[in-house]
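Undergrad: Between the sequences and the hints, there should be enough to build the whole structure, so can you do that?
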Amino acid sequence: MTGDGHPNERAMTPVPRRALVAAFAVMAGWASLSMPARAQAPWPNGPIRFVVPFAPGGTTDIMARLVGERLQVRLGVPVVVENRAGAGATVGSLVVAQAASDGQTIVMSNIASHAISPSLYRNIRYDPVKDFAHIAMVTVNPSVMVANPRFEAQSLQAYIALAKARPGRVDYATSGAGSSNHLIGVRLSLAAGVELNHIPYRGAGPAMTDVIAGVVGVMFDSLPSAASHIRGGSVNALAISSNERNPAFPNVPTFREAGVDIVSYSWFGVSAPAGTPAAIVARLNAEIRAAVAEPAVAQRLEELGGSPRDWTAEQYTAFVAEEFAAWAPVVRASGATVQ
Amino acid sequence: MKLKPDAQALLAGFLFIAFAGAMLWMNMEHPIGTARRMGPGYMPMLAFWILGGVGVAVMIGGLFSGANAIGRFVWRDMALILAAMIVFGLTVERLGFVASITLCVIIASFAEKVYRPVRVAGLIAFLLALCWFLFIWYLDIRIPVFPWSY
Amino acid sequence: MELLSNLAFGFGVALTFQNMGACLIGALLGTAIGVLPGIGPVATISLLLPLTFGMPSTTAIIMLAGIYYGAQYGGSTTSILMNLPGEVSSVITALDGYQMARNGEAGPALAVAALGSFFAGSVATLLVAASGPLLTSVALSFGPADYFSLMFLGLIVSAVLSEGSPMKSIGMMVAGVGLGLVGTDVQTGQQRFTFNIPELSDGIGFAPMAMGMFGVAEIIRNLEMPEVRDALKTKITRLWLTKEQFKRVSGPVLRGTALGSIVGILPGGGAALASMGAYTLERRISRNKAMFGKGAIEGVAAPEAANNAAAQTSFIPLLTLGIPANAVMALMVGALIIQGIQPGPRMIEAQPDLFWGLIASMWIGNLMLVVINLPLIGMWVRLLKVPYDLMYPAILVFCAIGVYSLNNNSFDVYVTVVFGFLGYVFSKIGCPPAPMLIGFVLGPMMEEHLRRAMLLSRGDPMVFLQRPISATLLGLALLAVIAMALPSIRRGKDQALAG
Numbered sequence: 001m002t003g004d005g006h007p008n009e010r011a012m013t014p015v016p017r018r019a020l021v022a023a024f025a026v027m028a029g030w031a032s033l034s035m036p037a038r039a040q041a042p043w044p045n046g047p048i049r050f051v052v053p054f055a056p057g058g059t060t061d062i063m064a065r066l067v068g069e070r071l072q073v074r075l076g077v078p079v080v081v082e083n084r085a086g087a088g089a090t091v092g093s094l095v096v097a098q099a100a101s102d103g104q105t106i107v108m109s110n111i112a113s114h115a116i117s118p119s120l121y122r123n124i125r126y127d128p129v130k131d132f133a134h135i136a137m138v139t140v141n142p143s144v145m146v147a148n149p150r151f152e153a154q155s156l157q158a159y160i161a162l163a164k165a166r167p168g169r170v171d172y173a174t175s176g177a178g179s180s181n182h183l184i185g186v187r188l189s190l191a192a193g194v195e196l197n198h199i200p201y202r203g204a205g206p207a208m209t210d211v212i213a214g215v216v217g218v219m220f221d222s223l224p225s226a227a228s229h230i231r232g233g234s235v236n237a238l239a240i241s242s243n244e245r246n247p248a249f250p251n252v253p254t255f256r257e258a259g260v261d262i263v264s265y266s267w268f269g270v271s272a273p274a275g276t277p278a279a280i281v282a283r284l285n286a287e288i289r290a291a292v293a294e295p296a297v298a299q300r301l302e303e304l305g306g307s308p309r310d311w312t313a314e315q316y317t318a319f320v321a322e323e324f325a326a327w328a329p330v331v332r333a334s335g336a337t338v339q
Numbered sequence: 001m002k003l004k005p006d007a008q009a010l011l012a013g014f015l016f017i018a019f020a021g022a023m024l025w026m027n028m029e030h031p032i033g034t035a036r037r038m039g040p041g042y043m044p045m046l047a048f049w050i051l052g053g054v055g056v057a058v059m060i061g062g063l064f065s066g067a068n069a070i071g072r073f074v075w076r077d078m079a080l081i082l083a084a085m086i087v088f089g090l091t092v093e094r095l096g097f098v099a100s101i102t103l104c105v106i107i108a109s110f111a112e113k114v115y116r117p118v119r120v121a122g123l124i125a126f127l128l129a130l131c132w133f134l135f136i137w138y139l140d141i142r143i144p145v146f147p148w149s150y
Numbered sequence: 001m002e003l004l005s006n007l008a009f010g011f012g013v014a015l016t017f018q019n020m021g022a023c024l025i026g027a028l029l030g031t032a033i034g035v036l037p038g039i040g041p042v043a044t045i046s047l048l049l050p051l052t053f054g055m056p057s058t059t060a061i062i063m064l065a066g067i068y069y070g071a072q073y074g075g076s077t078t079s080i081l082m083n084l085p086g087e088v089s090s091v092i093t094a095l096d097g098y099q100m101a102r103n104g105e106a107g108p109a110l111a112v113a114a115l116g117s118f119f120a121g122s123v124a125t126l127l128v129a130a131s132g133p134l135l136t137s138v139a140l141s142f143g144p145a146d147y148f149s150l151m152f153l154g155l156i157v158s159a160v161l162s163e164g165s166p167m168k169s170i171g172m173m174v175a176g177v178g179l180g181l182v183g184t185d186v187q188t189g190q191q192r193f194t195f196n197i198p199e200l201s202d203g204i205g206f207a208p209m210a211m212g213m214f215g216v217a218e219i220i221r222n223l224e225m226p227e228v229r230d231a232l233k234t235k236i237t238r239l240w241l242t243k244e245q246f247k248r249v250s251g252p253v254l255r256g257t258a259l260g261s262i263v264g265i266l267p268g269g270g271a272a273l274a275s276m277g278a279y280t281l282e283r284r285i286s287r288n289k290a291m292f293g294k295g296a297i298e299g300v301a302a303p304e305a306a307n308n309a310a311a312q313t314s315f316i317p318l319l320t321l322g323i324p325a326n327a328v329m330a331l332m333v334g335a336l337i338i339q340g341i342q343p344g345p346r347m348i349e350a351q352p353d354l355f356w357g358l359i360a361s362m363w364i365g366n367l368m369l370v371v372i373n374l375p376l377i378g379m380w381v382r383l384l385k386v387p388y389d390l391m392y393p394a395i396l397v398f399c400a401i402g403v404y405s406l407n408n409n410s411f412d413v414y415v416t417v418v419f420g421f422l423g424y425v426f427s428k429i430g431c432p433p434a435p436m437l438i439g440f441v442l443g444p445m446m447e448e449h450l451r452r453a454m455l456l457s458r459g460d461p462m463v464f465l466q467r468p469i470s471a472t473l474l475g476l477a478l479l480a481v482i483a484m485a486l487p488s489i490r491r492g493k494d495q496a497l498a499g
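Protein chains in written order, with our numbering: chain A, 1 to 339; chain B, 1 to 150; chain C, 1 to 499.
Everything labelled a hint here was simulated from the structure, so no lab data went into it. Even for Gly, the Cβ is constructed at its ideal location relative to N, Cα and C. Zero decoy hints are in this set.
So, partial list: chain B residues that the calculated Cβ filter (under 10 Å) puts toward chain C: (1) 7; (2) 31; (3) 41; (4) 131; (5) 141.
Below 25 Å or equal to it, Euclidean Cα-Cα: the simulated PhoX-like pairs (lysine-lysine) are: (6) C/294 - C/385; (7) C/385 - B/113; (8) C/428 - C/294; (9) C/289 - C/247; (10) C/294 - C/247; (11) C/289 - C/243; (12) B/4 - C/428; (13) C/243 - C/294; (14) B/113 - C/428.
TA: In structure tokens form, the structure reads like this:
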């Protein structure tokens, strides 16, 4: 467990250094803490900084930690998750865009940081496509429309009918203005030609509380954060924003089945600063894909409602560029643009 | 009532009014919206108008509440303390926390009347050891120790 | 008795060697980060998360919970000794706690904080066990209008928190509300008063602001008068409460516990409102009113009991609904999900060992904390005897590192500097910092709930009077205003008569 001659000895053992904890861990027999020693390659050279542009505990953070933990074992160096939240995930992304392109700093790129926020915020100092070497896609998640069980509309069609009957008096909650879920609401009101009343919250948790309490009837939420509430029966799922039905929730129709042409995914991947050597990108891509394919990780991701994507770095790069271009007009239409 | 100006209250009131005025001016770029759909400028408008009103009340009250001098400011000590923190902030990421703490303590110590280099050196050594133990070894927070740490 | 058998089951889970160890480590770590200014439970828990991957889920959550309530304990220590509050509830503790330390009563202040917290923690834990699922309805019965009225009541009572001119306090409070509005508007995403600084888009940080206005400003003030600060050292301090002090704190601790337990259930701002409410209540009803703000032991006992009770009951929404009440709880949700457990409404039935084990461990952890902390009081008090020329650079360094570590960003250090300066200026013109901090915390929440309530009521303000909870709270606010105004009106009359 010690730093086998590594230049940065402290970082080799970030966790066991807390002697109390480590001693206890050993006593209780958690053997999985040790990091396998690997032959020293020129890369990775010391610990890898894995920046998560959101606060700890959120979906992005969970995804990053799931992947980071496996990456740490595969690469033989610590992968240190660092949360740098702020400004729609752009603060953390900027840190990585400006970091050295030596493969030691990576970011959990996602739909907010690399597709929506760059159109939403006025002073973004990075280009989500040009300033990054996009490495690998981890997973995509659909969003889901949930309703309080006592709400009068218990299907997407009934909801639209209700909105037509009472224009501007039918609400929906989301985790915040400018989130991908808010934009689903905007697209729904455009597609169905109805006026809907957006009630934004500070994060999915408070919004879900008010839906469960019946303050707001309906909410658009990403599947990972809504899954347990759907399973627990505190809310009903009315529609899912994926192409096909989700295997974890086979009874929930897609938006398309319900007659509204909306397909929307939030996605999470890994990116490094532009100029990162191709060899490092290739190695990271291979390791991340292998990590995501591990049964334990794949199962966890699926439980969270995500579907892992086994893509090359080129595929992911092209995808990010597409998403960035596709979201700009929607963001503008939402009126949520920050000046 | 007799006019007995209170310098403290007058300055406090002035600061409230000045702050409220500056923020209200900046708030002009934010849409106010309606009571039903309040814009981003609605609450600031309410808050800063109230603050301005309170500021006026404090100033008027201060004209009669009796002499109350502001007292002396220790500008030099204050500047040194604040400078010590600014230097820490500027250097911690580039030079690591060992160098940053050293600089911070040296600057802050100048606020004492007598500068005792040996005492300060001892304090630096002690603090470096303590901070390394607490922050790096025990809590393992993400802070560079040396310039080459990352 | 089903409760008893459940609790017995819970203690069976919590009393294993592994879980006791996890609880102890969590409590110790929590105490450490609570004592160190700035470093909060969120940062520590997120750093420890990877470690919990290898643990059984119950063990992991017991440890993380230990960090959380351990930090609540530790937080009062620095507020009392050095006037360095890192969160809202410690701001309240600092009001009278630090004054007690200056009067040479740091020992009793720390002791009452520890004992009051232990008592409150035990009672609240029992409450979670006995009626957690039932109390869930409290969290769900508060709509946006009710929250607005609650925050409004909080703001009104905060105006009486401090000494001195009520007008200046109100001014500071409203200015705090204004500062709280800096950052991204939740409803529209618009940046307000951010000067295009990305770090400001999430608002000004509370800890940098509080540590600047309290801690750093206090250092500058102390440098101003070397004679006074050295004279304080010679005052010797008792370590324990006198019999008379025991008698004085029993009521405040009981009332603080009751208030904290209820308010803690509400997601968002529960703990802050709890300690504020408890302090104000004591200040109103105490026979010892004149001492408040100058070192009243009731002013330490009540808020400490309230915030620790709230810390325990804030687990209720997480455990019964799967909804995190604050950032720490959100992290716990993350930890559980990584463990493969989806926190949700079915958690109690699906994971009984987790639920009952956690509850039992909370009580054990509180006991451990009081056992660890009482002997430490002697050491803390001795810390006050360190010569000030060695003390203040150390405080400054700890503040700087702590604030930096919040976001790994120097920007927060600069924010602390700005508020250190402002805090010093304010102290010169008799403007109390506490109402500003409280306005800062409550203001943005109040705005959010106000706007949401108005959106949902289609612009009808009557909703605040039609909802019974909201109407009651507004009625209380009105009473508070009248109570506040009465003495000054009476004083005005007396002056008029005398003049």
